[in-house]
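Trainee: Here's the letter readout for the chains.
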Amino acid sequence: MPPLLDIRDLHTEFRTSAGVVRAVDGISYTVEAGETVAIVGESGSGKSVGALSILRLIPDPPGRITGGEVLLSGRDLMKLPPEAMRRVRGGEIGMVFQEPMTSLNPVLTVGRQITEVLEQHRGATQAAARQRAEQLGLVGIADAARRLKQYPHQLSGGMRQRIMIAIALTCDPKLIIADEPTTALDVTIQAQILEMMKELTRRLDIALIIITHNLGVVARYASRVNVMYAGRIVEAGPAVAIYHTPRHPYTIALLRSVPRLDLPRQTRLDPVEGQPPDLARLDHGCAFRPRCRFAVAVCAGARPVLTPVGEAGHVAACFRAHEIAAETGDAA
Amino acid sequence: MTVVPLHPLLEVKGLCMYFPVTEGLLTRRRVGEVKAVDGVDFAVRRGETLGLVGESGCGKTTTGRCILRLERPTAGEIIYDGVDLAASGRKQLRRNDLLALRRRIQVIFQDPYSSLNPRMTVGAMIEEPMRVHGIEPDAVRRGVRVGELLSICGLNPNFADRYPHEMSGGQRQRVGIARALALNPEFIVCDEPVSALDVSIQAQVINLLEDLREQFGLTYLFIAHDLSVVRHLCQRVAVMYLGRIVEMADSDTLFGSPLHPYTRALLAAVPVPDPPIERTRTFRPVQGEVPSPINPPSGCVFHPRCPIAVESCTHTRHKPREVRRGHVVACSQIQLDSPK
Chain A
1 MPPLLDIRDL
11 HTEFRTSAGV
21 VRAVDGISYT
31 VEAGETVAIV
41 GESGSGKSVG
51 ALSILRLIPD
61 PPGRITGGEV
71 LLSGRDLMKL
81 PPEAMRRVRG
91 GEIGMVFQEP
101 MTSLNPVLTV
111 GRQITEVLEQ
121 HRGATQAAAR
131 QRAEQLGLVG
141 IADAARRLKQ
151 YPHQLSGGMR
161 QRIMIAIALT
171 CDPKLIIADE
181 PTTALDVTIQ
191 AQILEMMKEL
201 TRRLDIALII
211 ITHNLGVVAR
221 YASRVNVMYA
231 GRIVEAGPAV
241 AIYHTPRHPY
251 TIALLRSVPR
261 LDLPRQTRLD
271 PVEGQPPDLA
281 RLDHGCAFRP
291 RCRFAVAVCA
301 GARPVLTPVG
311 EAGHVAACFR
321 AHEIAAETGD
331 AA
Chain B
1 MTVVPLHPLL
11 EVKGLCMYFP
21 VTEGLLTRRR
31 VGEVKAVDGV
41 DFAVRRGETL
51 GLVGESGCGK
61 TTTGRCILRL
71 ERPTAGEIIY
81 DGVDLAASGR
91 KQLRRNDLLA
101 LRRRIQVIFQ
111 DPYSSLNPRM
121 TVGAMIEEPM
131 RVHGIEPDAV
141 RRGVRVGELL
151 SICGLNPNFA
161 DRYPHEMSGG
171 QRQRVGIARA
181 LALNPEFIVC
191 DEPVSALDVS
201 IQAQVINLLE
211 DLREQFGLTY
221 LFIAHDLSVV
231 RHLCQRVAVM
241 YLGRIVEMAD
251 SDTLFGSPLH
261 PYTRALLAAV
271 PVPDPPIERT
281 RTFRPVQGEV
291 PSPINPPSGC
301 VFHPRCPIAV
311 ESCTHTRHKP
321 REVRRGHVVA
331 CSQIQLDSPK
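Line by line, the protein sequences are chains A and B. With the numbering used here applied, the first sequence covers 1 to 332. With the numbering used here applied, the second sequence covers 1 to 340.
Simulated from the structure, these hints should not be mistaken for lab results. Predicted model only: the values in this text are computed from it and were never measured. Any given hint could be a false lead.
Claimed, not checked - Which chain A residues face chain B? A few, computed with CB under 7 Å, are given here:
(1) Gln-154
(2) Leu-155
(3) Gly-158
(4) Ala-184
(5) Asp-186
(6) Thr-188
(7) Leu-215
(8) Arg-220
(9) Tyr-243
(10) Val-272
(11) Ala-300
C-beta atoms are modelled at their ideal positions from N, C-alpha and C, and glycine is treated no differently.
Next up, chain A with everything else stripped away, as it sits in the complex:
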């Protein structure tokens, strides 16, 4: 059986005054039905653009999806006519954005925004839709009848994100893409929302792509992790392998640069030196090379491709991944 979602060599570019920026430069990964996959990376790594490209939500101009396939249950979304693509968005694929305040419509009630989805996708009448919308209890909203009549500004940040999730769930999607779903929220609310999403996706058998800059957030939830840097996936594999035996210098550095509550206090942090690269000025070598403490001459010649390291499904794009494995062992 083919995977639920199969992304093959996806490319997205932006034409800017500084030149062409390859925001997503050939990424490939799969998501199985019901599985939770994490995309981890910092600002500008292409993680959000990659997700928006799946739904063909890249503003053109200046952006353009220049290549690749996105197979949803075997059907290439890149080749769908616009009308069919509209049915996928919010239908088979639900979307949860980072900023619930800007992604909800401020002049429509919460209830209207949920029924709108149903009308678009199911042709449901408002009355029938309203009944359905009252299932807000699903996302842990008590007092649903009152909430449905409220406007987004009357709700707290956590409550708005619950509404976003309720909207994403409305049409029984097979896949939800959540772009930094808890970044704007406080830790106790973040924990509530993540636990709820885990419980719901498991119970309803929905696959989840969760995009985050915070490695801690996904450790509990993701079965597989893709680490992105400068538009490419630099390391991918089962979550345990990524956290315990990282093989790409960027992943190693990322894990080491954050203080952890569960370990003894470090005397000094070990940051990734330097600045993230300017995507308009990348050369032919490895994009992480200027910040990499393992960089050698060969790294300047070509960009390394993903190659297997260690256990099944664990790949890293580094010329020295095997040496690094020998050096750091499992305690990296």
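Fit chain B to the given chain A structure using the hints.
Mentor: Frame of chain A; chain B shown alone:
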């Protein structure tokens, strides 16, 4: 061991900051107040870093702004090196005295995008405090000092000619730090200085703040919501909830054996980057949301969300009490002998 001086550098006593809530467009009627800070006591010793943690709306930033006298507190005392910054009436600080204190107390803001003036060069911004306070009247010497400050903060001195939009977030935050250092302050309020930065850049700025503390003998009030960063940087930590301090202790005690149910809930909510630990950890996130500070719950403000609340918590406000040396908790249900 350093000798702990008798008097703290900063002492905050009973600090309250209420903001009016008004209604009506033309005639603004006062209909209530937001108790952003509601009776907060703490002290910061010279050379120490005190962390102030809590979720949005707990009053940590307002507390910092009161100390900077960017807000005039409703009540309470803010005694900095023997002088009450919050005094009003006849004891009120004169303008010149306040100006002199501002030289010694500086601030680093959260957002390096909005806290720098987009129309000023980096050099002009770092120079500005020196001009305002009449330090280094000579323009050439000021320029040299700007270069020094930039290199102290890990930036190339020729960044002085750049504008903020030409720099990354991490570089901008270094400019904000250089500006805070321009007057050789002794006390810096750091208001979420790393939370807008990418993970890989956060660590660089944290290390810089630590180096500067050592190099210049600085005292920090470190306001943040990221508990792991606070543990890394602070000797002592105060946890705030809805305008009050619920627990305060030295860092190792607070993170090692937290007592207040809110502190415990907060710590339990922080995810750990280790899948086997995370997946086997059973945790039930604390329920509910932070109530509105316009209409806070009666008694202990945490009681509607508290797993160990008893009847008395709904009407009695528990004063913070010292349960062991240096460990203050505002909860009646905590006995030190109880199993943790």
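Trainee: Does each hint hold? Answer for all of them.
Mentor: A quick look at each hint next to the structure:
Hint status for Gln-154/A relative to chain B: violated, with the closest Cβ pair at about 12 Å, above 7 Å. A cut of 7 Å between beta carbons decides the hint on Leu-155/A: the least distance to chain B is about 10 Å, and the hint is violated. At its closest, the beta carbon of Gly-158/A sits 6 Å from a beta carbon of chain B; the interface hint therefore holds under the 7 Å criterion. Contact between Ala-184/A and chain B, as hinted, is not supported at the beta carbon level, the nearest pair being about 9 Å apart and thus beyond 7 Å.
Interface hint status for Asp-186/A: upheld, as the beta-carbon distance to the closest one in chain B is roughly 4 Å, under 7 Å. The closest approach between the C-beta of Thr-188/A and any C-beta of chain B is roughly 5 Å, which is under the 7 Å cut-off, so the hint is satisfied. Contact between Leu-215/A and chain B, as hinted, is supported at the beta carbon level, the nearest pair being about 4 Å apart and thus within 7 Å. With 7 Å as the threshold, the beta carbon of Arg-220/A comes within range of chain B, its nearest partner Cβ sitting at about 4 Å, so the hint holds.
At a threshold of 7 Å, the smallest CB-CB gap from Tyr-243/A to chain B is about 6 Å, leaving the interface hint in force. The interface hint given for Val-272/A is met, as the beta carbon of that residue sits about 4 Å from the closest beta carbon of chain B, less than 7 Å. The criterion of a C-beta within 7 Å of any C-beta in chain B is not met by Ala-300/A, whose closest approach is roughly 21 Å, and the hint is violated.
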